[in-house]
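Colleague: Each chain is listed here by its residues.
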Amino acid sequence: MSAVATAYEAVMGIECHVELKTETKMFCGCRNVFGAEPNTNVCPVCLGLPGALPVPNRLALELLVKAGLAFGAEVPAFSKFDRKNYFYPDMPKDYQISQYDMPLTLGGAVRYWLADGTQRSCRLTRIHLEEDTGKSTHAGSHDGRIAGSTHSLVDFNRAGVPLMECVSEPDIRTAAEAVAYLEALKRTFVALGVSDVKMEEGSLRCDVNLSLRPVGASEYGTKTEIKNMNSFNSVARAIESEIARQTAILEGGGRIVLETRGWDEHAGTTHSMRSKEQAHDYRYFPDPDLAPIEFDPGDVERLKRELGSLPYERLERMIGADKLRVEQAHQIVDAPGLYEYYAAAAGLSGKPQATVNFVLGDLSRLANETQTPVFSCGLVPEGLAEIVALTEDGTINSKTAKDLISRVWVEGGSPRAIVSAEGLGQVSDASAIDAIVAEVLAANAKTADDYRAGKTKVMGFLVGQVMKASRGKANPTLAEERLRAHLA
Amino acid sequence: MILDRTAADIAAAVRAREASAAEIAEAALSRAEERNVAIGAYLSVVADVARAHARKVDERIAAGESLPLAGVPLAVKDNMCLAGTRTTAGSKILANWIAPYTATAVQRLLDAGALPIGKANLDEFAMGSSCENSALGKTHNPWDLSRVPGGSSGGSTAAVASAMATIALGSDTGGSIREPAAFCGVVGFKPTYGRISRYGLIAFASSLDQIGPIAKTVEDAALVYDAMAGKDPCDATSVDRAVEATERSTRDNLRGLRIGIVKEFGLEALEPAVRAVYEAAYRDLERLGAELVEVSLPTADYGVATYYLIAPAECSSNLARYDGVRFGARVDRPSLTDMYLRTRGAGFGAEVKRRVMLGTYALSSGYYDAYYVRAQKARTLIAADFARAFEACDVIACPAAASPAFEFNAKADPVSMYLMDYYTIPMSLAGLPSLSVPCGYAEPPGGTQPLPLGLELSAPLFAERLLLGVAHAYERATGHARKRALPAIAASAVAS
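Here the protein sequences line up with chains A and B, keeping their order.
Counting in this note's numbering, the first sequence runs from 1 upward without gaps.
Counting in this note's numbering, the second sequence runs from 1 upward without gaps.
Hints were generated in silico from the structure; no laboratory data involved.
Just so it is clear, the structure is predicted and the values come from calculations on it, not from any experiment.
Errors might be hidden in some of the hints.
Here are the simulated SDA-like pairs of lysine to any residue, each with C-alpha atoms no more than 25 Å apart in a straight line [stated by the list, open to error]: (1) LYS231(B) with SER206(B); (2) LYS135(A) with ARG213(A); (3) LYS84(A) with GLU33(B); (4) LYS84(A) with GLU259(A); (5) LYS84(A) with LYS353(B); (6) LYS84(A) with ARG213(A); (7) LYS353(B) with HIS280(A); (8) LYS135(A) with ARG326(B); (9) LYS457(A) with PRO476(A); (10) LYS80(A) with HIS280(A); (11) LYS455(A) with ALA469(A); (12) LYS402(A) with ALA442(A); (13) LYS135(A) with GLU165(A); (14) LYS377(B) with GLU294(A); (15) LYS377(B) with PRO476(A); (16) LYS84(A) with SER136(A); (17) LYS84(A) with ARG354(B); (18) LYS231(B) with ALA147(A); (19) LYS80(A) with ARG330(B); (20) LYS56(B) with ARG17(B); (21) LYS353(B) with LYS80(A); (22) LYS92(B) with CYS377(A); (23) LYS84(A) with GLY366(B); (24) LYS21(A) with TYR8(A); (25) LYS231(B) with GLU294(A); (26) LYS231(B) with PRO44(A); (27) LYS84(A) with ARG330(B); (28) LYS92(B) with GLY349(B); (29) LYS468(A) with GLU439(A); (30) LYS135(A) with ARG123(A); (31) LYS80(A) with VAL373(B); (32) LYS223(A) with ARG173(A); (33) LYS84(A) with THR237(B); (34) LYS80(A) with GLY366(B).
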C-alpha cells in the first residue's frame with residue numbers, strides 16, 4: 001500500500017481595474033492625464049468640496065459599453081450609479097461613486113490563446129464603471145510604506161478618473177492562463193482606444209481570487225484574494241507562489257483562511273493584509289445626485305458598429321486559418337497598423353507564413369531603423385506580395401529579396417518590375433553557374449585544396465565568392481551543389 | 001425708505017436710474033448693522049462683495065442692460081457657496097471654510113443684478129425647524145424676539161421679514177423654506193425638485209434638497225424664481241425643461257379652478273385661533289371663485305416617518321466628507337481613526353450626529369431592505385396619492401404649520417420638532433412645487449401678540465406658473481402681509 005499525494009488544481013477569477021482613456025475625468029471637466037504636478041488637475045467636484053455635484057462623462061460610459069460589447073456582453077437598458085461608503089483619506093467624499101447591482105454590462109467572454117496554440121475562454125461576470133481615488137504617498141519611512149511613516153501626502157489628480165472594473169468568472173486554472181487572459185484584455189482595450197493599460201502607471205490594476213481543489217472535484221475551496229501586482233510577470237509569480245503556499249497548507253492537513261494577501265515583489269511571496277471578517281459594510285445605495293443611465297438599442301447598435309475588427313477575430317484568422325504561430329500572431333496584432341498590412345499582403349500572396357516572416361523580420365527592422373511605420377513606407381502590401389511570390393518561385397534569392405525590400409522601402413515601385421528591368425532574377429542555370437564556379441576555383445586554388453583535404457568549412461567562403469562573382473544573382477543552393485561536384 | 005419696497009419696485013427704480021445699486025447697498029449694509037444685533041439673521045455680512053457687485057450693477061445699468069433684480073438686496077442662506085465668503089452651513093466643522101466657487105442659483109441672481117448683503121443663519125446643515133440647531137448663532141423671530149424664526153432657512157426669512165434683505169435664498173428639504181416663511185410672515189416658495197440647480201448648495205439630502213426664493217410678495221418670489229430656474233450643466237438632476245416665466249402669471253381671481261382640501265389634514269386638532277385663520281383662508285379662496293373639493297392623501301400620514309429614513313440615509317453619506325482631511329475643522333490626533341472620530345465628534349452638533357447615526361443604521365447590511373427600501377416604496381405611494389388627488393383638483397391648500405412661531409427651547413424632544421414639518425414633508429417627498437403665503441395672524445396660548453401664519457399651496461410637478469398665479473390672486477385679495485407692522489422692528493427702528 002502506498003500513499004498517493006492528492007493532486008490539486010487552482011481555480012482563479014480575476015478582477016481588473018482599468019483607467020479609461022478620456023480627455024476629462026468621470027464626473028467633472030478636469031483633465032485625465034498621468035504624471036502632472038500633484039493636485040493640479042483638481043476642481044471642487046473631484047475634491048469633494050461642499051456643494052459640488054457629479055455630472056457623468058458620457059464618453060466614459062460609451063467606452064465601457066464598447067469594451068463589454070467587444071466581449072459579447074449584454075448591455076441592460078437601465079443601469080445606475082451607487083455610492084460605496086467608507087472612510088479613506090485619498091477618497092475625497094469618503095464615498096466612491098460605483099455601481100452595485102446594475103452594472104453597465106453583464107456577461108460576455110474573453111477568448112484567448114496559450115503559447116502552444118490552444119484556445120481558452122474565460123467568462124465575464126460584469127463590467128462596471130466607478131471613479132478612481134486619489135493617491136497616497138507615505139513619507140518618513142525608509143521604504144515608502146505606511147508603517148513607520150511620519151506623514152502622508154495625497155495627490156488628487158487621479159481622483160475621479162473613470163475606472164472600469166472587469167470581473168471574471170472563476171474560469172482560470174494556471175498562471176499562464178491568467179497572463180494570457182490579461183494580455184487579451186489589454187490587447188482589446190488598447191485596440192478599442194478604451195485605455196492605455198499601463199500597469200506601471202497604474203492604469204491597469206488586478207486582483208486574483210485563488211483557491212485550490214482536488215483535481216476532479218466540483219466544489220470550490222476557500223479562496224484568498226491577491227493584490228499589489230505591478231506587472232503581468234508579477235501576476236504569474238504571485239499566482240505560482242500562492243498556489244505553492246496553499247498546496248503546502250493543504251498537504252500538511254491545514255485549512256486555508258479567507259483573506260486578502262499582498263504580493264511582495266522583492267520577497268517573492270504573499271503576506272496577509274486583512275481577513276474577510278474585517279470586511280467593511282459599504283452601505284451601498286443609489287446615488288441621488290445621478291439619474292439612472294439609459295442606453296437605447298440604437299446607441300448600442302451604433303457602438304457595436306464602431307468596434308471594427310477586434311483582436312480576437314484577427315487572431316482567429318491568423319492562428320486558425322493561416323496556421324501562424326501564436327507568438328507571431330500576437331506580435332502582428334499588438335503592433336499598430338501591422339495587421340492590416342499583413343492581411344493585405346498575405347491575401348495577395350496566399351503565403352501567410354512567408355508574409356509574416358518578412359513583416360516581423362525585414363519590415364519591422366526597417367521600421368525600427370527608419371522610425372517609419374510599416375504601413376507608410378514605400379513598400380506597399382502589393383509589393384511585399386510580389387517579393388513573396390518571387391522568392392517562393394525561386395526567381396530571386398533571399399539576398400536579393402532583402403536588398404529589394406530596403407530599396408523599395410525608400411523608393412517605392414514594383415519589385416517585380418525592378419527585377420525584370422534590371423535582370424535581378426537569380427541564375428539557376430547549371431551551365432552558367434558552372435562557368436562561374438570554374439572561375440572561382442581557379443582564383444582560389446589554395447582554398448579548393450583545403451576543402452579537398454577535409455576542411456569542409458571553407459564551403460561557405462566559396463559559395464560567397466560565387467555569389468559575389470554573380471553579383472548576388474546565383475542561386476546559392478545550386479552554387480553549393482555545383483561547387484561540391486567540381487571539388488569531388 | 002427704498003429698502004421697505006418690493007424687489008420689483010427697487011429693480012424698476014434702479015433701471016430708471018432713480019436710485020443706484022451703490023446707495024442701496026450702503027443702505028442695506030447699515031440697516032444690517034443696525035438690526036442684525038437684535039435679530040441675528042446673518043452669520044456674516046459681506047460688505048465688500050455687496051459693494052463690488054453694486055458697482056458692477058451700476059455699470060451694467062449705465063451700459064443699458066435691463067436687469068430684473070437690479071440693486072435688490074439679497075440674503076443667501078449660509079449653506080450656499082458664494083466665492084470668497086465664509087460658507088458654514090451653520091456648523092462648527094465649516095466655521096472657517098471660505099467657498100472657492102459660487103453656487104449656480106446664487107450666480108444667476110448676481111447676474112440678474114441682485115446684491116448679496118449677508119450669509120443667513122440656518123439649522124446646522126439645514127437639519128431643523130427653528131434655527132436652534134445652528135452652532136454659530138441665534139436668530140430671533142422679528143415678530144417676537146422670544147420666539148424662533150422657524151427653520152432651517154430661519155435666517156433668510158428673518159432677514160426678509162426685518163427688511164434687512166428684500167429677497168432671500170432658502171433651501172427646502174422637508175419644509176425648510178415654507179415653515180420659517182410662515183413663522184416670519186413672508187412668502188417662501190419651494191419649486192419642483194430639479195427646477196433649480198443644487199450645484200453649490202451644501203447637501204443635506206440630495207433627493208429632496210431644493211433651493212427656492214423667500215420674498216415679501218408672490219410677485220417678488222416669481223421674479224427670483226424666473227432668474228434662477230432652468231437646467232444647469234453642473235447638476236445632473238436639474239431638469240432640462242422649458243421654464244415658463246412666472247412673473248406675468250399673476251391673476252386676480254380663481255374662477256374655474258378647483259382647490260383641493262386634504263381630508264387627512266383636518267383642522268380640528270389645531271388651536272381655535274389658528275383654526276379660525278385657516279377656515280377663513282379657505283373661504284377666501286372660494287370667494288375668489290375657486291371651487292373647493294375634498295381630496296384624500298391616505299399615505300401622507302407616513303410622510304414624517306418616511307422622510308426620517310430617506311433624509312438621514314442620504315445625509316449620512318453626504319456628510320462623510322467632513323473628516324478633517326482636506327478642509328474644515330480638524331482635531332489632530334496621532335492615528336487616522338482617532339482624528340476622524342475627534343474631528344467629527346467636535347465638529348458636528350447633536351442633531352447632525354443623530355441623523356448621521358439614524359441614516360447609517362438605515363443603510364446597514366441587514367437593515368437596508370427593511371428601512372431604506374421600504375421608505376423609498378412609501379415615497380412612491382405618497383407621490384401616487386398626490387397624482388390621484390391632482391386628477392380632482394388643480395392646487396392643494398393646507399396649513400404650512402400647525403401653529404405660529406414657538407418659543408426658544410419649546411421643542412426639546414426631537415420628534416416634536418420633526419412633527420413641525422408634518423404638512424410640508426409629503427410635498428417634498430413627491431417633489432412638488434409648494435409655497436407658503438401669509439394668511440393671517442393668531443395669538444398663541446401664552447403669547448403677547450398675534451403672530452403670522454402661512455397658507456401652504458401645492459401644485460402638480462412643474463406647475464409653478466399656476467401655483468404662483470393662485471398665490472398672487474390670494475395675496476392680492478387678502479393682503480395679510482400688509483395688515484400689520486412688525487412690533488420688534490418698529491421698536492428697533494424707533495431706537496435708531
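Colleague: What are the numbers of the hints the structure violates, in ascending order?
Modeller: 2, 3, 6, 12, 15, 18, 19, 21, 22, 24 and 30
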